[in-house]
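Colleague: Build the full structure now, drawing on both the sequences and the hints.
The listed protein sequences correspond, in order, to chains E and Y. Count the first sequence with our numbering and you get residues 281 to 865, in order. Count the second sequence with our numbering and you get residues 281 to 865, in order.
Misleading hints may appear alongside valid ones.
Chain copies aren't distinguished; within one or between two, either way the pair holds.
[Said to hold, decoys possible] Each computed DSS-like pair below joins lysine-lysine, with the alpha-carbon atoms no more than 27 angstroms apart:
no., residue 1, residue 2
1, Lys692, Lys824
2, Lys800, Lys692
3, Lys800, Lys781
4, Lys389, Lys712
5, Lys367, Lys550
6, Lys800, Lys367
7, Lys367, Lys712
8, Lys436, Lys574
9, Lys550, Lys502
10, Lys712, Lys758
11, Lys574, Lys758
12, Lys296, Lys800
Keep in mind that the hints were calculated from the coordinates and are not lab data. Keep in mind the model is a prediction, meaning the values are calculated, not measured.
For reference, the chains in residue letters:
Protein chains: 2
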Amino acid sequence: MQINERVDSLRKEMEKEGLAAWIINGTDPHQSEYVSPRWHSRRWISGFTGSAGTVVITKDKALIWVDSRYFVQCAAQIRGTVFEMRKIDGPEASSPLDILIQCSKAGGKVGISAETLMISAKRRYESKGIRICAMDDLLNRIWLDRPAMADLPVEKMDDDLCGKTAQQKIDEIRQMGHSNSEDYHLVSSLDDIAWILNLRGQDIDDTPVFLAHLLIGPNSVKLFTPKTRFVDVEPDCYEVLPYEAIIDELSRLSSVTVRLNPERINMKLKNALDKAENVKVSEGREYSTDLKAKKNETELEGMRISHILDGVALVNFLAMVKSDTYDFTELSIAKALSDERELEEDYLGPSFNTIAGFGAHGAVVHYSATEETDIPISGNGLLVLDSGGQYTCGTTDITRTLLFGKATREQKRDYTLVLKGHLALSSQVFPKGTTGHQLDALAHQFLWQNGMDYFHGTGHGVGFRLAVHEGPQRISSKPGTGEPVALEPGMVISDEPGLYKEGKHGIRIENLVAVTEAMKTEFGQFYTFEVLTCCPYERDLIVKSMLTREEIRMVNEYHMWVREMLIDMVREEAKDYLIKATEPL
Amino acid sequence: MQINERVDSLRKEMEKEGLAAWIINGTDPHQSEYVSPRWHSRRWISGFTGSAGTVVITKDKALIWVDSRYFVQCAAQIRGTVFEMRKIDGPEASSPLDILIQCSKAGGKVGISAETLMISAKRRYESKGIRICAMDDLLNRIWLDRPAMADLPVEKMDDDLCGKTAQQKIDEIRQMGHSNSEDYHLVSSLDDIAWILNLRGQDIDDTPVFLAHLLIGPNSVKLFTPKTRFVDVEPDCYEVLPYEAIIDELSRLSSVTVRLNPERINMKLKNALDKAENVKVSEGREYSTDLKAKKNETELEGMRISHILDGVALVNFLAMVKSDTYDFTELSIAKALSDERELEEDYLGPSFNTIAGFGAHGAVVHYSATEETDIPISGNGLLVLDSGGQYTCGTTDITRTLLFGKATREQKRDYTLVLKGHLALSSQVFPKGTTGHQLDALAHQFLWQNGMDYFHGTGHGVGFRLAVHEGPQRISSKPGTGEPVALEPGMVISDEPGLYKEGKHGIRIENLVAVTEAMKTEFGQFYTFEVLTCCPYERDLIVKSMLTREEIRMVNEYHMWVREMLIDMVREEAKDYLIKATEPL
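Modeller: Printed below as a string of structure tokens:
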């Protein structure tokens, strides 16, 4: 049994190092949400292929903690191995911290790869009394065919598409650092690096980033990444050095202040910095995170175009699947949508793995159809279809809930309540300084009024041809940690309330919107949202009598806009569908 | 010049103590919002009679920082003295911290009365590098006729009115402390002490508390307050000791853990505790703050009755002032309302100083009419009337905006927008765990939509025949410091959006509401609000066409309830008014 042998080998290495436990958190040295194959370490050790989970190996236990999305999948994938599953949420919830605290109390040391332990994560472990040892990854000694670090070619985005050159962005960052008396800015966050340098990569599926560290100094910009990436691209305002050279570089700094984000800089880098002479650390979010969140007019225009192109593909797709001439399953309908997007010249690939959940599957929030779970889309039911694309000048993310067959009264009522919240949020005018947390109740209000709720966030930021989840802004019923983040012009964010009735149906309606100026009055500056997503709602699921005149006007205006934008771009066969789908209520 | 002499005398005492600066923050040893005459120290030293402000005396400066409410009043009151006014908000804002930091950097010590310096305030000063010295109040040496501490009689509230005996409350507090391994609980917050012991006092205007400290131990309950207060009351489950005896008591504790709230325990007490042997401090909010915020069914019933009695007085008053047969000014109309309340046997006095602002005065949020500013209520205009009463079994706080003469279209529109927010908030159903901060946007949404806003909080907690401002819950666009506080059943809170147009008019509509259970579903437990305040809105200011059917239904139902509750209780002459004021829209 391969898995068990791997655990055994790891235990031998743990013993050599005198460790009582070893943690595998499954992230990469950049705290990426999605990771490249070299960092599929959780999968390698346990066989579990989900996107989140924490492995703890002790002398006599092999444990994996997963969240409720993965209870079934994880249990199946670890069956027959030494692994035992633990739950991090639900009624039987436990935390990996408990066993680590026990180990530490008994005098044991807990090891973890320094590369995948961020500075602030280390502090959190230590604040619980855990004797954490950040060290070289033990897996390197036993995972003999571990994939090498990706070094796929990068692409230079046209500066005209980005609105600013890399040099301009670096100048801005330097200026921001200067006003905080910082000399160097160390950046490991991959989408920040890609954005700053107007480069895009292909190391990670669906997110066009490349593995690298970036060190911006007063007179130099050093990019630590394999030089082999630069095939058709000439480095311009930065020098390219080997990925591992960052360690030497940091340890050779002297008498300077380095800004870094403890949530995104790993302990291997921090240890190198600690060896440097007289280096002061200034902690804070990457300046680029705030700069790239507030998209400039060129980026916004690119996002608008991407959404029109995406709307064309979606309407062509919808006309086809609604024509009753095809038989689809969840997997094949996702494929059909992808094929439709592929027809578009500027389409580069999906921005994440499509969610297509029919009937009761729609109620599983992070449902991902597999060969085993796939079901035909037939009879009466709702399909939750959440997908997005990377385009040459932007990123899209859209959810539509589609009706097949006839809807029940309950389904229509539920859809209309979700729609009302979705409309209330995106049409709200709000004063400068308002956070997404403050606006969240607007999306929930109609569901709450009826004793219903959804438990995922209402909105996440979206990158510019970059990560489909991008901070720092968000719209959530949770207050978030740290300083509240106000919504500011240029920020792109999703508006995606939903409703999930276990065993029955799921509903989610998602548009991307951009924060924009509304008006300036004696009471101050006010903002609102510009809707980017261009695709009809499911007209047959809307109960008109539940809408106010204002809401009816909003739906009709939106549909008129969608029709005008797309009518000359969609296929001839899709025109009838588009006209019918956008008729006034 | 008396004021200048006082400052000179203080400087002499500062010199003796080697102090570079002395702070007078104007609070009392209990961090009370309103203080009794002994603690009118800011007023004594400066002549400024406002309710907030910070005085800093240095060797060559006498400075007073006030907020925008008090710019005009303070400037007038300190004219001709050595005092200079500084502003803590607005375009010319500065902070008292700056001069204190300067003093400290130059090696100077900054003195302050230990009694009026809370533990956490000291930490905040020190975190800025201020060399703060908490000591005996220097004013005691020079303020020769300083009023003695009040020792007015206390009243025992009937346990049946309180729903729980003092003993029961103490048992609950002990249990909560026990689960945190705390032996003693030190309480200085006056409304907490009054609530725990079912006692009410009269030391402070409008807030029926009495100055005391309370120490709840495993086997004893000690109340530190003048015994002379106990005229008709027999102490029951607690022992009464002199106010100053708390110091000895604390310093004699040994090998115990004491819970205290660093925001409400002053440095004089903390210093005493520091002298005690092997005492551990456990910091946290007073348990009673959470217990008293969640009013029990008896307290809620008392609050309901108080609001009906208040409604009777208000409707009698409104019928009179709307009859056009009297001439009022701002001051006389406030007096007329107070006279009306006085007719009620259970009325004990105002719960705060009535705000009656007519016309442009209504736009001054904390306007308080004086002989100098008083204007006749005549011609066309809106009157913002914010008042409240203490009753034997509850506390009220209500704002109505009254129309005199004819309203402009703008006034009606503004009133209706404020009303829509007020209704949206009080009718909202929300899941367990929701904070007031999350709901705040519901009250603001319609104003924001029109580029308008108000800048005060939307809701404050209200005590049970106690403080008209009571935490920890609140409804505000500001997130607040510390752990978010969820709204829980039994909490009473105001719902008071407003709108203030400088030089034109002010609008505020305020009801008190109680959090109550709405429903339990597969999505969890949901709460909503029960409206306590019983008084018609200003019907002639409502633009019906701006309301949804649902909003019209809410106003009509509320008015029907008001009519039913009050019609048999108001004076004969007020019945016609009540019927007209509560006609369906």
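Colleague: For each hint, tell me whether it holds in the structure or not.
Modeller: So, going through the hints one by one against the coordinates:
no.	hint	in the structure
1	Lys692 x Lys824	within (10 angstroms within a copy, 30 angstroms between copies)
2	Lys800 x Lys692	between (39 angstroms within a copy, 22 angstroms between copies)
3	Lys800 x Lys781	between (42 angstroms within a copy, 15 angstroms between copies)
4	Lys389 x Lys712	neither (49 angstroms within a copy, 41 angstroms between copies)
5	Lys367 x Lys550	neither (32 angstroms within a copy, 44 angstroms between copies)
6	Lys800 x Lys367	between (50 angstroms within a copy, 26 angstroms between copies)
7	Lys367 x Lys712	between (41 angstroms within a copy, 24 angstroms between copies)
8	Lys436 x Lys574	within (21 angstroms within a copy, 60 angstroms between copies)
9	Lys550 x Lys502	within (17 angstroms within a copy, 54 angstroms between copies)
10	Lys712 x Lys758	both (20 angstroms within a copy, 13 angstroms between copies)
11	Lys574 x Lys758	both (22 angstroms within a copy, 23 angstroms between copies)
12	Lys296 x Lys800	neither (67 angstroms within a copy, 55 angstroms between copies)
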